[in-house]
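With the hints as your guide, set chain B onto chain A.
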Amino acid sequence: MTTDRTPKIMALTTHSIFFDAYETGSDTLTTQKKIWALAQYCQSSDDFVDIVPANNNLTLYLKEPAQLAGWLPRLLDQWHELKASDFNSRHHKLATRYGGEYGPDIAHVAKHHNLSVDEVAQMHSSAKYHVLFLGFKPGFAYLDGLNPQLFTPRHAEPRLSVPKGSVAIGGEQTGIYPESSPGGWQIIGHTDFRLFDINAASPCAIEPGDTLEFVIQEVLK
Amino acid sequence: MITIIKPGMQMSIQDQGRTGSRHLGIGHSGCIDPYAQIITNRLVGNDDNNPVIEITLGLAEIQFDNDYYIALHGTDMKATVNGNAVEPGWSFYIKKGDVLKLNAARHGFRSYLAIGGDWHLPDPILNSYSTDISAGFGGLTGQALQAGDSFEVTPKYNTKVGLGAMLPPKSTQIRIHAGPHAALLPKDTIVNFINHSWHVSPNSNRMGTRLLSDECDIRHTVSLPSMAVAPGCIQLPPNGEPIVLLNDAQTTGGYPLLGTVIEADLRHFAQLKPGDFLHFKFVTLKEAHAAQEKLTAHLNQLAIALNYINK
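If you're matching them up, the sequences are chains A and B in order.
Residues in the first sequence are numbered consecutively from 1, following my numbering.
Residues in the second sequence are numbered consecutively from 1001, following my numbering.
Isolated chain A (complex conformation):
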């Protein structure tokens, strides 16, 4: 851990910086916690328009190109000073109804893994998930922490409309549909937790680095 390789850092444009800590030696989640801590540090400056974490990397969009030269060395210095534990996250509990009309694919997921519907709900709700980053659609969170025993291939034919709030598994990932949209993931449940409301003052209830858990409200057969 102490022999971490130095992240790569480069100017993408006159006003944006790509900071890449992928494969710097630590495990993905430890590196990601440092990415969140670095993002939090940069948020305390007034120099940025946008600060966007993704998978073990961070892209920073500056207000003024003149600020670029100063930030290149500063980000690296800061990286070496920061610890994964410097990041403080919020935790969310998402009451979830599994199965029945709320999770039309849960029986398929259970059968695929030779589990019962109850076991799928138990396994899915007993993990603590980290919001690695958001993307793809507004409010869509990429979650780390799905039990490998629940990895399930996507549908060959995506559904034309998956209801807002659907909790689903797609390959090695689990996620929540922030809005109704087409989608190919296996739908195992539904939460009324409002992930995303464009008319709210802060439209997104969860942010990169938050943790969340699914709490069983009921399991329907």
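Rather than coming from a laboratory, the hints here were simulated on the basis of the structure.
Each statement offered as a hint is correct.
Derived DEER-like restraints, expressed as beta-carbon distance ranges: (1) Asn147/A <-> Met1001/B: 55 to 63 Å; (2) Asp1047/B <-> Asp77/A: 37 to 45 Å; (3) Asp1118/B <-> Pro148/A: 52 to 60 Å; (4) Asn1082/B <-> Arg154/A: 54 to 62 Å; (5) Arg159/A <-> His1279/B: 37 to 45 Å.
BS3-like mimics (lysine-lysine), calculated; alpha carbons at most 27 Å apart, straight line: (6) Lys128/A <-> Lys93/A; (7) Lys63/A <-> Lys137/A; (8) Lys164/A <-> Lys137/A; (9) Lys8/A <-> Lys1281/B; (10) Lys1078/B <-> Lys1160/B; (11) Lys1101/B <-> Lys1078/B; (12) Lys63/A <-> Lys1294/B; (13) Lys63/A <-> Lys1286/B; (14) Lys8/A <-> Lys1286/B; (15) Lys33/A <-> Lys128/A; (16) Lys1286/B <-> Lys1170/B; (17) Lys63/A <-> Lys1281/B; (18) Lys8/A <-> Lys63/A; (19) Lys1187/B <-> Lys8/A.
Here the structure is a predicted model, which means the values were calculated and not measured.
Note that CB positions come from ideal geometry on N, CA and C, so glycine has one too.
Quick look at chain B alone, frame taken from chain A:
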């Protein structure tokens, strides 16, 4: 009242877009050519960031239920009002009941309509009136404008009318910054990308301009951890057909980048239509900065001239 009679291929309300929410997955939206938007607004006495209507291809009709100063800019769509030709790049007076008719663009792809006055739209979302068509919010209804859509604009006549201004020149040579993935892609990928001309695929839209080449094969199998992407990023999917991301692009992506279009040249993508050819050239940060300064100077000169004329 402004009423859309025919929206044509696509028409949407846009300003300079949203910033500050990319980490939540919320994209930029906004006019693909922000310079056309600013200049057109200035010709009718609006603030620079006032919304305009971005019109793609043309074949559209808009009715005005009041007297307004309006201006059209961008590509020439052979517009008429009551049968009289309207020149792009000039402000003019349109009377109550008049219908602005747009023909099809032939040498470009988009034009921008500014209407002088206060636009009465639903409250801005994250400080912008721009329509995010893929996410379904902003603008008038969260969608591209449809036939029958209408909204109120309280006219203002706080400028002289009959003013003209040029846009910065067009180009099909696109200047780009080097990207982070050159060493990961197969040998010669970047050289081949730069040394060939590309043409615009019909599958292009406000999310991205997709590029095709009959001669250049730069397919690959490189897969990467997701990173943030933004307008200007040139993604290379495994099929070897690059995508220049534009204003409605998503905020993260996992394809390798060939490079990033310099900010000053992003506006050219507003006018590239399916079949058009373009090619790319690497520049230094210093050259990119100089290109940006040139555009800023263009806007500054216009501000000085308008200030003098309207005095």
